[in-house]
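Visitor: Protein chains in written order, with the working numbering: chain A, 1 to 119; chain B, 120 to 464.
Treat the hints with caution; some may be incorrect.
[As the list claims (entries may be wrong)] Here are the simulated lysine to aspartate or glutamate pairs, EDC-like style, with alpha carbons at most 16 Å apart:
#1 Lys198/B - Glu78/A
#2 Lys305/B - Glu78/A
#3 Lys236/B - Asp87/A
#4 Lys305/B - Glu318/B
#5 Lys198/B - Asp87/A
#6 Lys84/A - Asp267/B
#7 Lys82/A - Asp267/B
#8 Lys325/B - Asp289/B
#9 Lys363/B - Glu321/B
#10 Lys198/B - Asp89/A
#11 Lys84/A - Glu52/A
#12 Lys236/B - Asp267/B
#13 Lys198/B - Asp69/A
#14 Lys363/B - Asp89/A
#15 Lys111/A - Asp347/B
The set of hints was computed from the structure by calculation and includes no laboratory data. Owing to the predicted nature of the structure, the values given are computational and were not obtained by experimental measurement.
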Amino acid sequence: MTRKHVWILGLATPVMIAMLLLFAGSPSVTANDQPSAANAEVKIDNFVFGPETITVPVGATVTWTNKDDIPHTSVSTEGVFKSKVLDTDEKFSYTFTKAGTYSYYCTIHPKMTGKVVVQ
Amino acid sequence: MPDKKQDLIDQKLQDLNNDGVDRRGFLKCMAWAGTGLVWTLSGGIPMSRAFAKGHDQSATKGGDFTFVQISDSHIGFNKPANPDVTSTLQTAINKINAMPHTPDFIIHTGDLSQLSKPGEFDTLDQVLKGVSAKDIHFVPGEHDMLSDNGEQYLQRYGKGTKGSGWSSFDHKGVHFVGLVNVANLKAGGMGSLGHEQLEWLEDDLKGRSASTPIVLYAHIPLWTIYPDWGWGTDDSEQALSYVKRFGSVTVLNGHIHQIMQKVEGKVSFHTAMSTAFPQPAPGTAPSAGPMKVPADQLQRVLGITDVNYLVSGRSLAVVDSPLGDSGSASRNGGSPGWELDSTLG
Numbered sequence: 001m002t003r004k005h006v007w008i009l010g011l012a013t014p015v016m017i018a019m020l021l022l023f024a025g026s027p028s029v030t031a032n033d034q035p036s037a038a039n040a041e042v043k044i045d046n047f048v049f050g051p052e053t054i055t056v057p058v059g060a061t062v063t064w065t066n067k068d069d070i071p072h073t074s075v076s077t078e079g080v081f082k083s084k085v086l087d088t089d090e091k092f093s094y095t096f097t098k099a100g101t102y103s104y105y106c107t108i109h110p111k112m113t114g115k116v117v118v119q
Numbered sequence: 120m121p122d123k124k125q126d127l128i129d130q131k132l133q134d135l136n137n138d139g140v141d142r143r144g145f146l147k148c149m150a151w152a153g154t155g156l157v158w159t160l161s162g163g164i165p166m167s168r169a170f171a172k173g174h175d176q177s178a179t180k181g182g183d184f185t186f187v188q189i190s191d192s193h194i195g196f197n198k199p200a201n202p203d204v205t206s207t208l209q210t211a212i213n214k215i216n217a218m219p220h221t222p223d224f225i226i227h228t229g230d231l232s233q234l235s236k237p238g239e240f241d242t243l244d245q246v247l248k249g250v251s252a253k254d255i256h257f258v259p260g261e262h263d264m265l266s267d268n269g270e271q272y273l274q275r276y277g278k279g280t281k282g283s284g285w286s287s288f289d290h291k292g293v294h295f296v297g298l299v300n301v302a303n304l305k306a307g308g309m310g311s312l313g314h315e316q317l318e319w320l321e322d323d324l325k326g327r328s329a330s331t332p333i334v335l336y337a338h339i340p341l342w343t344i345y346p347d348w349g350w351g352t353d354d355s356e357q358a359l360s361y362v363k364r365f366g367s368v369t370v371l372n373g374h375i376h377q378i379m380q381k382v383e384g385k386v387s388f389h390t391a392m393s394t395a396f397p398q399p400a401p402g403t404a405p406s407a408g409p410m411k412v413p414a415d416q417l418q419r420v421l422g423i424t425d426v427n428y429l430v431s432g433r434s435l436a437v438v439d440s441p442l443g444d445s446g447s448a449s450r451n452g453g454s455p456g457w458e459l460d461s462t463l464g
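Pulled out of the complex, with its shape left as it was, chain B reads as follows (with noise of 0.2 Å):
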């Protein structure tokens, strides 16, 4: 399915230059492009949830609160896959700004810029200015890191943080931990922690109980998805480690600008798309670099998804729903739908 897929696009490619698809076209295509996660906690157990949909309530029935991660906003970035990644922004912000109930923060998982340009930054922060959520907490993406490593991002969003830029904060009785993962990164690896934060991480979670729910999040996944595109972080099981004995931990990332899922035991791990280019499935295109679509496939590549946490019947559902299209459509021209049993302690 995933190679029909692939033909489908190489065959689009081909059109690309001469489809006639004029900017204000494109940018009336993007116009569904912006994306998120809504997570709503519920009874402790996060549950994701598409944007701005006319979602059924009652998926948040005892719901303690929702929030918002966004994800690779890539400020900045001008290349044919998306010339105009401040308007996709804008669009994942309005979707955030319409929906029925302000989320109570958000979480951006990095690579805010293209180059830690100032002028990027300041782009970044005039569009979050108009966001409803006031609350937002930044980790850095290996494309933040690119002035004096990271001097920028530090000065702008490191307030109260350590090191690289990590940080923890606690919210209506759920652990939430900010990792930075891009710094300091070594020739032929991945995404790497590092001894000070893995230590810092294991004092940070010492003595909690281990009811308490955690989410740690990060720009480079937390765990390896495809080592030949550095999809992955190189110490990441010891990280991992420390929190095996919780009961509920959710693991959110970017960097791949697409989504992917795993559950092992109770740690449930999920990338975010990205706000402004798609990149290909791993193995699929030469590289991991933008993926260039005609502007009405767009819509299939950029979307949202809802996820589920069934907490009475401890299952999780993942339905991606392509803004494009209508109804759910399918992920790589597979079911539309998938189900785990996530087994909470």
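Pulled out of the complex, with its shape left as it was, chain A reads as follows (with noise of 0.2 Å):
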């Protein structure tokens, strides 16, 4: 490689990396104290959707599993989402586009009740 395309490799590559990084899903770099994952999870386990509420930044993704040997639903009160019946081990995602307060619960065990703040 000549000199030059050293050079101009020797400074791109911190700045790719840096990019990268920054790009990656990495904390955020503003002073305030923004939620930062774009991916959240609830556990449902023994007729609780775990944490109840769930703080999470507009665009992110929440996946429920139920690791309860019951099976759960996890379906907003609003008509937002509604999962399927979830047997043990199965999976439900909803992405929230919109910032909101949405409250859920499991329509079989209607006690379950869980709560996602999407800001």
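If you follow the hints, you should be able to join the two separate chains into one complex; please do so.
Guide: What follows is the structure, encoded as structure tokens:
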């Protein structure tokens, strides 16, 4: 390689690495405490959504996984999302594109309730 | 006493994975696990007694007829609490068939299936084909509502029913009402009957003589047992107000996979055991889910209940008989039986 090319490569590489890091979902560099994860998990076990309230940024995808030995569902009280019946180890994901507070519950065991706060 | 039993179960649960009980052994112990309640109507007052025991025939003296309640077969469930629920249902059926007198009919108080799958209902139907009593009445459990709000269930078992599957029928002077409290459940709530069904119920009971014995059956208990676990029905008070004027009311439920009873005035409430798996007593476990017990403990938690309404004394004696014990054992380590006075108008 010519010296010129080596020089460009030497400069370009750290720049590329920096850009990759920036776009790889690394922590936000802004000063406020915006929630950072683009994906969040809710574990269903013992007839409970855990965590019961989860906070995610706009555009985040929440995945519910049923770890219980009984089927459950995750259904929005306002008709925003509705999982199929989740047997043990089955998952359901929903991507929240609008800010807001989304209450949901298990339609089979309605005492099980949860909330997704999107901000 | 419940704590003692829980400690024992906890101890045993730790040994569970190493106890060397293979599937065959497990099934063998489960051979007694089929459960059901046999009810005899004697002079219009229900008496329930054990399956296929050599009962004292005098219990049925003057009895009009018998019927059997089974519940929570959960066909399709295959987790450790019971890997073969079809087999234990078959055991219950065998016990019905072994009874000296064929019951007039059977009532299944719901959770026929685990996931409302056609194959699960098919299997249930196959097993029930072999039962001596050919007349079977069903109400759905929440597990039967999982496909299109119960469409599968209604197609198969909803003939002659209204709405989500409610109906009533008369048998030898007794009025039976099957209610559905597992449809359109609201977030944070318990069981629910709904406005339309309540209106129908009020109308259905209108004009009937107060001396008509009434039997209500529904999946989720129609009285509040444990709200945290959803063991109750939000609008049952209204339903019960419609039956208040009757002289004899019996409420049969399932859902909680254990026997609980209460008498309030002229209304007697009973929940049946499951033919599939037990569930913990209220508050004794993190959740209401299937309770795993070692194979040799299972017979204590699946069993039959002997309930005799003694017409002469107007009292009701209840004796629990877990299948695995000799003689009558105690439920929750308490006394072997208890008596209630049910006032009959």
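Visitor: Now tell me if each hint is right for this structure.
Guide: Status of each hint after checking the structure:
1. Of the supplied pair hints, the one linking Lys198/B and Glu78/A is violated, its CA atoms being roughly 33 Å apart against a limit of 16 Å.
2. Under the criterion of a C-alpha separation no larger than 16 Å, the hint pairing Lys305/B with Glu78/A is consistent with the structure, at around 12 Å.
3. At most 16 Å may separate the alpha-carbon atoms for a hinted pair to count; Lys236/B and Asp87/A meet this at roughly 12 Å.
4. With a C-alpha separation of about 19 Å, the suggested pairing of Lys305/B with Glu318/B is violated against the 16 Å cut-off.
5. At roughly 11 Å between alpha-carbon atoms, Lys198/B and Asp87/A fall within 16 Å of each other, so this suggested pair holds.
6. With a C-alpha separation of about 10 Å, the suggested pair Lys84/A and Asp267/B falls inside the 16 Å cut-off, and the hint holds.
7. Our distance criterion of 16 Å between C-alpha atoms is met by Lys82/A and Asp267/B, whose separation comes to about 13 Å.
8. With a C-alpha separation of about 14 Å, the suggested pair Lys325/B and Asp289/B falls inside the 16 Å cut-off, and the hint holds.
9. Pair hint Lys363/B plus Glu321/B holds up; C-alpha atoms about 12 Å apart against a cutoff of 16 Å.
10. A distance of roughly 13 Å separates the Cα atoms of Lys198/B and Asp89/A; the hinted pair therefore holds under the 16 Å criterion.
11. For the proposed pair Lys84/A and Glu52/A, the alpha carbon gap of about 20 Å is over 16 Å, so the pair is violated.
12. Only pairs whose Cα atoms come within 16 Å are accepted, and Lys236/B paired with Asp267/B is accepted, the gap being roughly 11 Å.
13. Taking the CA atoms of Lys198/B and Asp69/A, the gap is near 7 Å; set against the 16 Å cutoff, the hint holds.
14. A threshold of 16 Å between alpha carbons decides the hint, and for Lys363/B with Asp89/A the separation of about 46 Å lies outside it, so the pair is violated.
15. Distance hint between Lys111/A and Asp347/B is fulfilled; the C-alpha atoms sit about 7 Å from each other, no more than 16 Å.
Hint violations for this structure: numbers 1, 4, 11 and 14, all remaining hints satisfied.
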